[in-house]
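Chains as they are written, first to last, in the numbering used here: chain X, 209 to 622; chain B, 710 to 841.
Calculated from the structure, these hints are not laboratory results. Note that this is a predicted model, so its numbers are computed, not measured. Treat the hints with care, as some may be off.
Okay, derived cross-link-like pairs now, DSS-like style, lysine-lysine, Cα gap no bigger than 30 Å in a straight line [as the list claims (entries may be wrong)]:
#	chain 1	residue 1	chain 2	residue 2
1	X	LYS390	B	LYS820
2	X	LYS395	B	LYS722
3	X	LYS528	B	LYS761
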Amino acid sequence: MEKNYNVCTGCGMLCDDIEVESEKNIVNKVYTACRVGVAHMKEGRESAVFRVDDKPVDEATAISEAVAILKNAKNPLIFGLGTSTNETQKLAIELARKTSATLDDTSSFCLGRVVEALLQNRFKACTLDDVRNKADVTIFWGADPSDSHPRHLSKYSYFPRGTEKQRGWEEDRTAIAIDVRKSHTAKICGNNFFQVPPGGDAEFIDALIAGLSGKLPKTSYNFPPKRILELANILKGAKFGVVFVGLGLVYSLENLEPLFRLMDALNEKANFHLIPMVGHYNMRGFNENLFEETGYVNSVKFEDGAVKHGPEYSIVEALKAKTVDAALIIGSDPLSSLPRSIAKNLLEIPVISMDPCETLTSRSSKVYINTAISGVESGGSATRMDGVKVEFKPVVETKRLSDEAVLKKIMEAL
Amino acid sequence: MDFGSFLKSPEIKVKVVTYRDIFQDKAMIENRFGEDYRDRSAIIKLDSADFKQLNVKKGDTVTLKNSFGTIVVKAEESGYEPSHKGIAYMPNSPWSNMLVSDETGGTGVPKFKDISATITSAKGAKVTEPGF
Ligand code: SF4
Numbered sequence: 209m210e211k212n213y214n215v216c217t218g219c220g221m222l223c224d225d226i227e228v229e230s231e232k233n234i235v236n237k238v239y240t241a242c243r244v245g246v247a248h249m250k251e252g253r254e255s256a257v258f259r260v261d262d263k264p265v266d267e268a269t270a271i272s273e274a275v276a277i278l279k280n281a282k283n284p285l286i287f288g289l290g291t292s293t294n295e296t297q298k299l300a301i302e303l304a305r306k307t308s309a310t311l312d313d314t315s316s317f318c319l320g321r322v323v324e325a326l327l328q329n330r331f332k333a334c335t336l337d338d339v340r341n342k343a344d345v346t347i348f349w350g351a352d353p354s355d356s357h358p359r360h361l362s363k364y365s366y367f368p369r370g371t372e373k374q375r376g377w378e379e380d381r382t383a384i385a386i387d388v389r390k391s392h393t394a395k396i397c398g399n400n401f402f403q404v405p406p407g408g409d410a411e412f413i414d415a416l417i418a419g420l421s422g423k424l425p426k427t428s429y430n431f432p433p434k435r436i437l438e439l440a441n442i443l444k445g446a447k448f449g450v451v452f453v454g455l456g457l458v459y460s461l462e463n464l465e466p467l468f469r470l471m472d473a474l475n476e477k478a479n480f481h482l483i484p485m486v487g488h489y490n491m492r493g494f495n496e497n498l499f500e501e502t503g504y505v506n507s508v509k510f511e512d513g514a515v516k517h518g519p520e521y522s523i524v525e526a527l528k529a530k531t532v533d534a535a536l537i538i539g540s541d542p543l544s545s546l547p548r549s550i551a552k553n554l555l556e557i558p559v560i561s562m563d564p565c566e567t568l569t570s571r572s573s574k575v576y577i578n579t580a581i582s583g584v585e586s587g588g589s590a591t592r593m594d595g596v597k598v599e600f601k602p603v604v605e606t607k608r609l610s611d612e613a614v615l616k617k618i619m620e621a622l
Numbered sequence: 710m711d712f713g714s715f716l717k718s719p720e721i722k723v724k725v726v727t728y729r730d731i732f733q734d735k736a737m738i739e740n741r742f743g744e745d746y747r748d749r750s751a752i753i754k755l756d757s758a759d760f761k762q763l764n765v766k767k768g769d770t771v772t773l774k775n776s777f778g779t780i781v782v783k784a785e786e787s788g789y790e791p792s793h794k795g796i797a798y799m800p801n802s803p804w805s806n807m808l809v810s811d812e813t814g815g816t817g818v819p820k821f822k823d824i825s826a827t828i829t830s831a832k833g834a835k836v837t838e839p840g841f
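Throw the hints in and build the complete structure from the sequences for me.
Structure representation (structure tokens):
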């Protein structure tokens, strides 16, 4: 019997084994998904909302107001897209070109650097399916998938019986957590949890590299050398190792050099891959799509057919320097997710917010277009955290427009 | 005994480490403006020694303050071992973001996980509304 599986777009795992029961376009029951996935699949609800200046308007008014804002702007910011399909992202890149916009996504202040290095082949990559089938040593570094990617350990990285790992976690796999805090994932790792002080990761990396080549591992915070040597020994024995890089590690490093050093050292002694713990379901897709178009993963500015790139075109620096004079925010809530000291500058420019749910940003925007939930009410394709392409159809129908449809209307009207 | 505990409202300095929490994430998806999300976000988990020094009870509000912002959130003991005096944990949210520095050194990356603040008891005060 053929079963009808859905894809969950609740996080970068894009689990493709979800079954749902729905009635009258409302999802009632969700099977197989995690707590976050169930909430996400059931998010759909009311009819479309369009607002301009806090007043309800019709679709045409909202779109034409959005178009007017973009037309009047000299340097609009287009931001978000981590929860949009590849198709929507490509349209947004086209729109950015057309409007000479600054284009960025959340990756500029989270995992973008790591994805960029992966796309430049600076790390050895593998898929989550490889992890499931082959991985014997996994390191969660500054990452807590038990909270951020709830099915990570059960579906891929620790518990499953993979084709070459029939004895699962009991015998065949070793999971290691390196973190500033004993997270839920760290608890699962038991004695293989290494607690480093905040900001202590780079030093720990160098100590570990020393340990890997049999030298005495030293840290200024006196991490017991014996434990680092034990860790080095486990890593040296890995036949298929994976480092899952989380925000905790990225925020602790000033640049990626220590991580390059570590991966090189690990690959001298053993076989190690890297997967970034991408949160939003299609942040990696955005990075790849933009990379294909421009050679950069984020923080770009289009101008007279050319493209400029640099941190000054990231949302954070653009808002700080007040270089952008309008913003189109797609499926993102910078007023919540950025430091308030920076995000508040958004209040000084006209903002168009396209989002399936009300957020601090939607409530403060000049134009709000309530879009369909990507992956639940509209379909398309996306790129999983490990780079695998996943396609999905809408689970239920809705009257609300997809962000792709809204962008098309804006493009036509421009 | 610490001198601080003799003062009327002791003030302690902490480094705030942010983290993600699946229950909070789920609450956010359901309603970013709901009580559940606020209750799971506007909290700070303290080392038991710090908690005692502040002279508060679980669920009492405390004020966190630095040069970037001031927030009132609920305090609780972390229950984490070993002791982490001077380090406090907070789920990543609009509340924690009110304390994040705007200094980025031009990199585009704020120091989300490097927050220093002082804490004092705010008994009776309400949790900060995150609106603009
Ligand atoms: S782990 Fe992520 S993709 Fe999988 S069900 Fe949970 S939220 Fe959805």
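For each hint, the structure was consulted:
no.	hint	verdict
1	LYS390(X) x LYS820(B)	21 Å, holds
2	LYS395(X) x LYS722(B)	28 Å, holds
3	LYS528(X) x LYS761(B)	39 Å, violated
Consistency note: the structure conflicts with earlier hint 3 alone.
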